[in-house]
Amino acid sequence: MKGFLGPYRGQRYHLPDFRRGRHVSGKEEIFSHSHSSLRSVIERTFGVLKKKWAILRDMPSYSFEKQRMIVICTMALHNFIRKHAGRDDADFMEYENINPEDVQDEESYEDIGDELNMSYGDEMEFVRDAIACSLMNSI
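Note that UniProt numbering has the sequence shown beginning at 1, numbered continuously upward.
The hints are simulated quantities; they were obtained by calculation from the structure and are not laboratory data.
There could be a bad hint or two in this list.
[What the hints assert, rightly or not] For each label pair, taking beta carbons as the anchor points, the in silico distance ranges come out as: (1) Ser63 to Ile139: 38 to 46 Å; (2) Ser61 to Ile139: 43 to 51 Å; (3) Phe46 to Lys2: 17 to 25 Å; (4) Ser63 to Glu125: 26 to 34 Å; (5) Ser34 to Glu123: 16 to 24 Å; (6) Asp122 to Lys50: 19 to 27 Å; (7) Ser34 to Gln67: 40 to 48 Å; (8) Ile70 to Arg9: 14 to 22 Å; (9) Met59 to Ile81: 19 to 27 Å.
By construction, the Cβ of each residue, glycine as well, lies at the ideal position given by its N, Cα and C atoms.
Build the full structure now, drawing on both the sequences and the hints.
Next comes the structure, spelled out in structure tokens:
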């Protein structure tokens, strides 16, 4: 399935907004809060990977496919090291106890969508609605 699965437009999105405001309500806000939390985890993960692998900090101008494979390989190496070195690795310890709600988003979802010139397709809207309904029903 190809497409961009973004949060609902016009809803609170950044984790500090949820912390300061009213309780999360409605399927759109629940989805957007979950999306923001997962985005924070992914950003922290890439922070760890960039710290450990210099090639990710200054990616040479390889083809997109080669860049994708480099990211996948560094993730595999990261997982191998984590599995075999345990939790004593200093790179992992730095990020072990970070609260995801304390991570500030540097740009809004709208900015990212505009920069990438992506739009929702009907298929991705259907997927987003299905996930949102599932999240709503699990509460």
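Hint check results:
no., hint, in the structure
1, Ser63 to Ile139: 38 to 46 Å, "holds, 44 Å"
2, Ser61 to Ile139: 43 to 51 Å, "holds, 46 Å"
3, Phe46 to Lys2: 17 to 25 Å, "holds, 22 Å"
4, Ser63 to Glu125: 26 to 34 Å, "holds, 31 Å"
5, Ser34 to Glu123: 16 to 24 Å, "holds, 20 Å"
6, Asp122 to Lys50: 19 to 27 Å, "violated, 35 Å"
7, Ser34 to Gln67: 40 to 48 Å, "violated, 28 Å"
8, Ile70 to Arg9: 14 to 22 Å, "violated, 33 Å"
9, Met59 to Ile81: 19 to 27 Å, "holds, 21 Å"
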